[in-house]
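So the chains spell out like this:
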Amino acid sequence: MKRKYNNLKRALFIVLVAAFGFSGCKKILDVNQNPNNPDHADPTLLLPTTQAAVSQVVGNSFQVFGNIWAEYWTQSPVASQYKSMDQYAPIATNFDNPWLNLYRVALVNSDLIIKSNQAGLDNVKGIAYLMKAYSFQLATDAFGDIPLSQALQPTVYPNPKYDKQQAVYDSIFVYIHKALPLLNANAVSPGGQDMIYQGDMSKWIAFANTLELRAYLRLSNIDPNTAQAGIAALYQTNPTFLTEDATITYTSTGGNENPFYNEAASPTLGKIQNVVASSTAVNAFTGNNDPRLAKFYTLFIDKVSPVDSLESIPQGSYIQYPNKKVSTPSPLVGGRANDPTSATAPVKLLSAAESYFLQAEAVARGWATGNASALYTQGIQASFDATGAGDATTYINTAPDGLVALTGAASVNAKVKAIITQKYYAMCGFQGFEAWTEWRRTGYPVFWVQSAATTIAAGQKPLRMLYPNTELTSNLNYPGTVPITTPVWWGLANP
Amino acid sequence: MKKNILTCLLLLLLCVAQAYAQDLKVTGTVTSKEDGLPIPGATIKVKGTTTGTQTDIKGQYSITVPQNAILVFSFLGYTSTEQSAPASGVLNVVLSTEIKGLNEVVVTSQNIRREKRTLGYSAPTVSANELTQGENPSVLTSLTGRVAGVNITSTSNTPGGSTRVVFRGGSSITGNNQPLIVVDGVPIDNSSIVSGANSLTAVDFGNRGNDIDPNDIESVTALKGPAAAALYGSRASNGALMITTKSGTNRAKKLEITLNSAVTLSSVLKLPTFQNEYGQGYMSGSATSAGYVTGIDDASDNFSWGAPFTGQVQPWGQQIDGVNQMKPYSALPNNIKDFFSTGFAVDNNVGIASGDDKSSFYMALNSLNSNGIYPGNSDIYDKYGVRFNGKTKLSNNFTASINFNYNKIQGNTPSNGQNANGIWNALMQTPRDIPINKMGDLGNKYNGYNPITNTYGFYGAFVLNPYWVLQNFSNLDDINRVTGDVNLTYQPAQWLSIVERVGVDSYSDRRKLITPKYDFTPADESGSGLWIDETNNGSYEIDQYNVNEVVHDLMITASHKFDNGFAASLLLGNNFRERSTTSNLTSTNTSGGLVVPGWYNLNNSNGPVDVLTDLISIKRTVGFYADLNLSYKEFLFLEGTLRNDRSSTLPLNNYSYFYPSVSGSFVFSELLKNTAIGNFLSYGKLRSSFAQVGSDTNPYQLLTTYGSTTVNGSFGNTKFPFGNVSALQVGSVLGNATLKPEQTRSFEVGTELAFLQNRFSLDFSYYVNDSKNQILSIPIPNSTGYGFNTVNAGEIQNKGIELSLRGTPIKTSDFSWELYGTFTKNNSDVLALPNGVSQVVIGGFSGMSIVAAKGYPYGEFYATTNQTDAQGRTIINPATGQPKPTLTAQYLGSYQPKYQASLGTTVRYKGFSLNALFDVKHGGVLFSDTKSLVDFVGTGIETGGPRFGQPFPNSVYLDANGRSVPNTNIPYSVYNYFTSVISNTPGMDIVDASYIKLRSASISYTFNKAQLRNLPFGAVTVGVFGNNLFLWTPKSNAYVDPEVNSSGAGNEQGFDFAGTPSVRNYGFNLKVSF
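One line per chain: the protein sequences are A and B, in this order. Using the numbering used here, you'd call the opening residue of the first sequence number 2 and step up by one each time. Using the numbering used here, you'd call the opening residue of the second sequence number 127 and step up by one each time.
A hint or two may mislead.
The calculated lysine-lysine pairs, modelled on DSS-like cross-linking and capped at a C-alpha distance of 30 angstroms, are [as the list claims (entries may be wrong)]: (1) K28(A) to K866(B); (2) K27(A) to K1036(B); (3) K1010(B) to K937(B); (4) K571(B) to K326(A); (5) K898(B) to K27(A); (6) K173(B) to K759(B); (7) K162(A) to K980(B); (8) K1010(B) to K462(A); (9) K326(A) to K453(B).
It is worth saying that the hints were derived from the structure and are not from the lab. Because the structure is a prediction, the values reported are computed rather than measured.
One chain only, chain B, in its complex shape (with noise of 0.2 angstroms):
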């Protein structure tokens, strides 16, 4: 210690003499050429000597050097630049980046930038180019197939709808899976609260992490194990995504402007294959019986169980006014097809940006205007925005900075399920040949309904008319949005600095939900049909969720480079943080509904207003943390954190608690330089690291607590009060005051690679991560008096691996030719649960749960389906030639992928550009209740073909010793066992969820500067663009694109259930600057 001391003192005296030897003190900043933020760490040499310092943490620096002397600017990642000693002592330097995929300057926790090369863990980074080549509106939807160890997934691709991150297969079996969203250092909400009474009858209102506009964006980074985020504590047990947004560059003042104009046009991805050889009519009888009947004719059915297509002309639908309409019966291959029209969306950006070395700024306008696939005006998304980052440097080393933004957002969105108004679910069940899209003209009498007579003409008694559905049934959502920080850094002297950031995100999301009272009688005549009355008691819901939160943070970092290589620095920090949320969701009386039809107002409430949800909700948490930094010359880093959480949720005998991490990069290429391997391997990494979080709950989970009664049934309940009698019952949730904090530990090893001067690289990780002590509501059995108990239990483990490969195989100064891919294997593993409990259910409905089950994958869908003989073949019972169901429910796959992987090109010539990506899921499967639908109605492909005599494909049946028997000659109903049979074995309905998408392509064109040399503009960029273009599935789903799921971005996955479709957009875009 005491040596060290000395070794200072000398080395100071030793600058006091040099400068008496010299007289000229240059000083200056050293920024980005892309983002044009300071570069720390930047070295800069007197060319020729040993002499030389480093940047600060604000990029500054400041040397005294012979007059005359050449500086030579250096920083990993960058193009090294030399210049002469100006003699006014001033010279700032950008530096433009070298080759990208390596080197980086990356943003990690706290927006704390560093060397990629002293990271001991991966950070792959996305840059604002590769972000917006598909022009996806969605930033958390481009990042898909970029980045390896990443699992996205995007409901419907639609403006506004859901998109699902999960780094490394996440970490908790009931609580969040998602890594913590955080824009310019500020963590933000990243809430998906689904509307609809359950997933069965779900609203997807979208994920408010995908509420930032990209073009905003000047960079992503993923730090996808807790040991990158150790220092955001608990929330980032996930991971965390950091999103930087773009700010003023050192511009000399000049002013930027950059348009970015896309308009998209949209249509659906993916319908089911129908069959297209029987039309509408039920069947009778069964197979094998005598009186067995085909394909009665039925006017008013939804089923396509009729006979087989005549072409015959004949009446169809009800009888108005003495007539029939009249068609040929015949199969009308593209009547689903054609119901959608194509969606249109608009999407403006505005950004100005100015600066000089003392200050910047950057402010946007955006706005995205979107009419989707669905006939009409009905699927709306429309969003505003505004954004400011500014900052500046004050004289008295003080730097203030803020970063603002608003956001408006209004839509109209459709709903998912099986509820009167489900769109899919209406369509799906349209028979082969009624041309449903044709009968959007409502004033028809046969395709509307009359609310004078109260009558409908519409053909189907079991579903209503889709276009009548999308003009009266309305999910209305209207958010409001400010996010932002204030920033005050004061640097009291070079290797000190002090960081004090407040940062605010307060949205407001007011949903109205309206169901129209109808109540219509059958308009038919002819007394033929199955017709039914359709009556609704209609419905007005509000909800009003707000969501608030505040975080600060105090860092105070103090740095030091000793002069025998080494250099440290060391950061403390404070971080308190609250968030308090209120949900308010609020009704016409449930089963009552409106008293005058039409009028959308809590006061048209047939009976008491229900109050469905009165939530108010607050969280704190007090954090201090410590990182220190150990560095030896270029090539050893070594860093350790640790933090210390207190959290109001937990006990105040556990409210407390530490975790460390620490991690190490070791870049060996460094020592190989200028040796044969040295010239071959231009960057050589190994890196890894150990780190643990601890995690804390939601609040108020202490105590048992009591609430007003309802009693449910399965669909409707009794509520209290009843008349004047109030009633309250305890909480099916029993409290637990011993609760302590949940437990991440992560471990991760891995290496970067460059070859022939970095023109080609790659990034592999190996990881695995345990989560234990989950706080989890375990259900425990009713007959306790109790539905859930909260305990600290369970684990879960995720072990995988990430390869990144990034090539330039051409490359000269017109042509250039990328190819980079990414390829993921994560095996998720459910260790154990609480004593006693083998699963615990995180979603599905009655007969098909998706469960977190013990030695299984987490997502594993788990019900009943056809028994199988040991070579896979059905086990059918003799008498009906159906099959049988199994006696149990089984486990049938996971909803995650055994792996995935992508494959993306880049292709420039002179001023064109060429983009494409395609990226693979493999393995997992998903629940389709399209299948489970089409298939029911008889639409489906399955249905086609023989429909009676025939044996179930592949059957046995089991002789009197239990041996199988090949099924050649037992027919079975085909009609019963779609109809009637399958329903006791929703297994059927798990279809394989593999898939290959071409996930975006593009092509642009930049004019250049010669080209625009009589134009007022800086750069103008015109292309054509594509995402989610292509998609290829197995044969065996012939229904659904994957990636649909019914209820948005949570943890229940895999589940189609009758969701929105997802879309295909494409479209062409224009870019530019003055």
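One chain only, chain A, in its complex shape (with noise of 0.2 angstroms):
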């Protein structure tokens, strides 16, 4: 009996042993599937994620290079962050993230919400068509040729070839055409998921019309016949054109800050003020008495002496110390660091202000009908009505760069010179990308100066940006490094 039971057990042991390791291999090993992430996404839950990520873009390092580069900003002495950008030396590393986000966010969820084949998602679609030619202009005017036909493809073109800026424009309009019929105000809305304009198709009418009007007169130069065609097809559409900013409302909550100045609240910045006002705006807004130069700038205040003041230093001397006292820029613009009101201000992909100087524009060169003085008067009152300047009449009247400049224009180019050089005050600290873009296409304003810190030849300036480092180490297609000085397509040599 005894004997038995001990059989028993060795019997059972080995019964046991054996259970536990040769069972049902497959079931056991069945436990791969994901229970972290979805492996599927609503598109309307893609929108808002295209709209934040092109915001974050214009509202964070084009928002930094674009100030510096269009000489509202400068690098502060006593930090030094953005140096490279003052030196004229920025690295390809520097270009990564917003490249980054341009197409591994912005385009690629755009892209999928297009190609969705879920019901009832036409105005989502509509505004996926609007934020992919937005994306694809923003990338091509700072970067000039990009991967375009092949993009957005991974599995078929591992290595995106790159493709000619003329080819982007091409097809930033049929995107933009695309998106028209798609804005139907009786489709499904998607209301809040729409971070910019909450669905409302009269607005992204409008904002496309815009849109589209940027994109021709960005060829004044290169292609005016294309711009003047595309600009009387576009008109005879009775076009609306935006009459108000096309923003996302950032709010003070933690992660939803402007952009820019949650960068420089974020531990690793740890608020530290960045940029300080630049003599060459500051200079210009003071010869024209402008009230909107304590808007866009706050003042220094002053321990010892009683007076604060609006103190700005030389474009990129920040190595000099000249003077420990520098003006920053405003929370308006979301550019003082140690001000938590920084974070609400407004990223602005289109502004009202720019809508009435795209218009002027137009009229000005004879492609469009209307009144070019109004559409003038319109956009300086808007930037004054965008910055709490209150009524602009006197100043317009008065200032050398106000009505005169216009009115007073003898050529076209000179009126263009106006337009513009009234497009870059509007634009201060909240368009700087668009003002330098502007002024590569133009050349105006013409009172910029060369950075103190300069470190290329004579009379030289940043032309486009580099293609970021990630490109160049990953695709196999990179079409090689474009120095800073060397202009894009549709961009003049010497602005």
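Reconstruct the complex from the two isolated chains, following the hints.
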């Protein structure tokens, strides 16, 4: 009996270990379903991603590069984060982040929306087409030739080739034209998932038209015939243009703040004030006795001297330590690192003022019908409204760069100069990238200087951004580094 | 086949016949004196006859002998012993080891104990005694210099600091390169989870492989190649480190208590060499301009670019309440050194062991309490451990055993890196004339921060007072860990054994990262100086990591010894493993920070709480394996293994994979016995092995997924939900449903030789390891819309030689002198990368990458540097005198050393013992942010001497034809160079990582039995010891201990980003046994 019991135990032991060891392999191993992330997403959830990504690019890295290269801001003497911009010596890695956000966040998610088979997505797809058009324009204006036809198809084209900037512009118009019929007020509205216009399709139609006008005007030097024809065709549709800014309303909630402020307030930058007022812009505003000056910049509060003052340093003169008293960009533009109200500053993808100036330019060039002076005046007033500078009438009538600059202009070029110079003032701190871009197209304004910290030849300034390092190291079709002094296709060689 | 069976039968008959003729059956167990463990395969012979047997896997034997026969017990590596057969028939024998370093029994995979001579691969073993010589609380660090072919890097050499161990260069491009750590047959986790946003702000919480107390360890064996570890499968493709803990020995039930106490003091091993000529201030203008101004005095500055020292008494720092502090304007050479205090640690271990031939146990309690080199109680590490190892042999051929270990670890680790909380970063920026070491009294208004007025009086506007940082920032962790296994062995017959073992490693690592909230304005009233506000929103982060591993093994072993000298054993095994982990990282709102200062709770979040990480991961593998061992007599051995693994992480059609290994050993000295050569050559063996190991990957790599949207800027981000808008984005990594297992192949050939009765010995190996089909997440162009593709690609090869030498030039009964050394040369080469990819980044930051680049060794630095001509002279821009940067990044050398070597010695005289061990690494490089920092602020030795009017050292400019013209007259601004120009050439902060270290040294005295006659002690040893004692570096490294690494034990190495400084430790210890 005892012996039997022992045998039983042995048998049990063997059976147990065998059962444990050899039991249904496949079932045991079927644990590779990701419990952390879904493998499908509703396209309406992708829409805010595309908008926030574009806004992050315009409102953060392009905001810094643009405002420094447009000489509104310069590197603070007591910090060092953006020195290489003032040195005109950016390195390829400086552009990794905006490129990533454009392609890997804004564009790929727009594309997934557009390709979705889900029903009732007309409005969402229409907006996605516009975000795609906007993103590609942003990318090509910054970098020139970029991947387009082979982009966003990783399995077919693991190394997307770069398309000519002209082809990119052709596609931008296609995307806008595809968007328009989808922006149908009777379709299902994305509502709050549209962070810019909360599903208001009439505003998106105005956005589409304004974007198209901007894109055609960009071709004014390189291909005026296409620009003129395109604008004429656009005006034949009786287009509405933007009368309010295209912007995401940022809040003071952490992570939902203005991207540039959020960057400065990050634990790494620790609210260090990296950018300060550049004398280039400040002197120009001062010369016109412009009340917007004190809106775009914050006065320097002096502990010793009784008078607070607006102080600036010459562009790129951080190394000289000329003056420890320096004004900073204001919280209105999100530029004051240690002022939490910077958090709610808007990022303007397109602004109302810009819309008027674009129309004014189209009229001034004779490519559209309308009253250039009225549009110009409306543009200035829209800028005054946006900054809370009040009624612009006095300024318009007395400032040397005011209405007189337009009305006194004899040539088309002189008119364009007046319009772009005013657009430059309106874009201070809000749309640095666009101001730098319009300068590259028109050469206006004319009062920019070369940065004191320049590392490139005398008289030269940055005319493009560098392709990012990530493309250099990962794309077999990388076209080679193009120096920042080479103009893009539509740009002037010597603005 | 038939013939064999017949032979067996005949043999059996013969035995039976003999049994009738004799009448005494002797049984017993043969155990090792050193560890009390049974010795399988020991030979028992009747003296004067050819009759004999061998012990089985449990060390047991049974032999029938004539009355009064003398039995000879022998086993290679042990001293033979002769005993007469007792009438009782029970004879247990304890064998003691002969000469160390040769012929030992080693612990191989699956805890199988094998005679070293039978192994076809290198398997060096380090004994408990060697391991604890330097009293280093890290068992991994303690292996440094003791084993050839192993590259060990100990980041800070402090208790709780990281240690990276790599055998033969590692095998993986982006995955783990460290060996599997196995304790008593059961793999344990060796994660190194670094806290901090990135490697520039890392906090090193050590690696879990260091948790085990070295005092509990009996021996450590390094199975360096995959051949050695074939039975552990995928996880051991980088080799395995087999740790055997102590067990109760055959002590005739006597209880033995061993107490080991050590008191350790610590100090910083290496500080940068500073200039002592210039003080606080900055410069203006350029060296060539007429308005060039030197040394503008600025009381708030972190720069030492001021005027040359004058010794004049003058005001400094902030003016508070109308008063400035005064001090002489002169250098304080020791202001940084004296900031540090002496670290202090107490390490206690009590081990209790007992046992007889049936049962044994070992239990231990240990504690380690350490307060590091930073002033105050900010760098704390407390570890407590309990161990119980027990084993009992039951009457019905079952043996049950249990190993259990519990650890409790609590600590606070000051931050590395460049954030506000980086102590080293703050300290290195102290001007040469600022008495930072005397600014620890934070009640002093010139030193501290006033939370009522929210002002600060500290002199520096750009960094915080490091004393205040130490008091107000913390990185706390709390680890609770259980490891152990239960083991049941059943031996139904002499030739058959079945082992069932279940092992567990389970721990929770809970961290709290605290950043205070503050907004200080300068107290200064003078209006001078570039005083700026110091502000931080504060944060509180809780990181919870859980790791659970369950491993089951069932092993059936059958063995048979044939009478013609052949022996065979076959092991069949099944393995099941599950690893499940969770990580939950939650913090107060990243940009909003805290609402109320000083309250560290997620409820105090200013804005939504940020879920930084919420991950669950489960991986399972099922393996079947076979191991066949064949031997002929005492000199020819052959082993073959075959394993099949099935992994949950691979696609169903590729989830099962086989891999083989074969190894052989030829002990040719057996054939030379009693020859002239044999008298000289006491032992000689040739060995060779070939192995292939398949490897799976991490879970969830087959599909592309979506995640909640975060749009990252360079430092900030836009995070969803945005108000009440939710968003998803497609993941950056493309899934791949066609993944295949990785494959590592290794070949090894080697020899072991011993001369003159084993007085001198050497062990040499040559190996080639090749890993391909690596599962890599390779960067793809972002223009594809995705960032990474998961692919099978890439090949990395490591070739090298290893040499160990050991000799005892003098050996008398009272005096012995032993020397030992190792030499290791490993050539790593990244042979292939996926189509179109020239390199894969494994670490670094935007301007300085550490990469695996095709055609280069693993771990190559890649960055822009100064242009040089063919003769290595720096090319300058003749307009400015400043060096020109290279237009593209350059390959600047690997963190892997060209060779490593060590030399150690042990001298014994009566009770005295003296040990010393030096180790060398030659030829690697590291990136030193410490260099960058001390040069930037003008405290580094390079910034001393004339600061303007001099041409850049050894420089040229290019003439119109591109020819080099030596530059003798174009000056450059040293200030501009180090504060501005060099920031475009991070490659200039690469320094030679070569070093020689006195790794450990000790002197001890053991009282002999006669001295202790009237005392209750069995043995008493007292000693002084030190580890990491002295460091010699090339002149070019005037900055940092080359072992310092900011990101712990991962693949990102040679990265001094203001990391925790390493320390030298020294102290005394006492070992008493009762």
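The hints, checked one at a time:
With a CA separation close to 20 angstroms, the supplied pair K28(A) and K866(B) stays within the 30 angstroms bound. The suggested pairing of K27(A) with K1036(B) is violated, with an alpha-carbon distance near 64 angstroms, which exceeds 30 angstroms. About 62 angstroms separates the Cα atoms of K1010(B) and K937(B), which puts this hinted pair outside 30 angstroms; it is violated. Restraint check for K571(B) and K326(A): the C-alpha separation of about 26 angstroms stays at or below 30 angstroms, so the hint holds.
Proximity of K898(B) to K27(A) is assessed by CA-CA distance (about 27 angstroms); at most 30 angstroms being required, the pair is judged to hold. Simply put, K173(B) and K759(B) have alpha-carbon atoms about 19 angstroms apart, close enough for the 30 angstroms limit, and the pair holds. The straight-line distance between the Cα atoms of K162(A) and K980(B) is roughly 23 angstroms, inside the 30 angstroms bound, and the hint therefore holds. Using a Cα cut-off of 30 angstroms, the hinted pair K1010(B) and K462(A) holds, with the two alpha carbons roughly 20 angstroms apart.
Between K326(A) and K453(B), the direct Cα distance comes to roughly 28 angstroms. Compliance with the 30 angstroms bound is thereby established for this hinted pair.
The structure does not agree with the numbered hints 2 and 3 stated previously, though it agrees with the rest.
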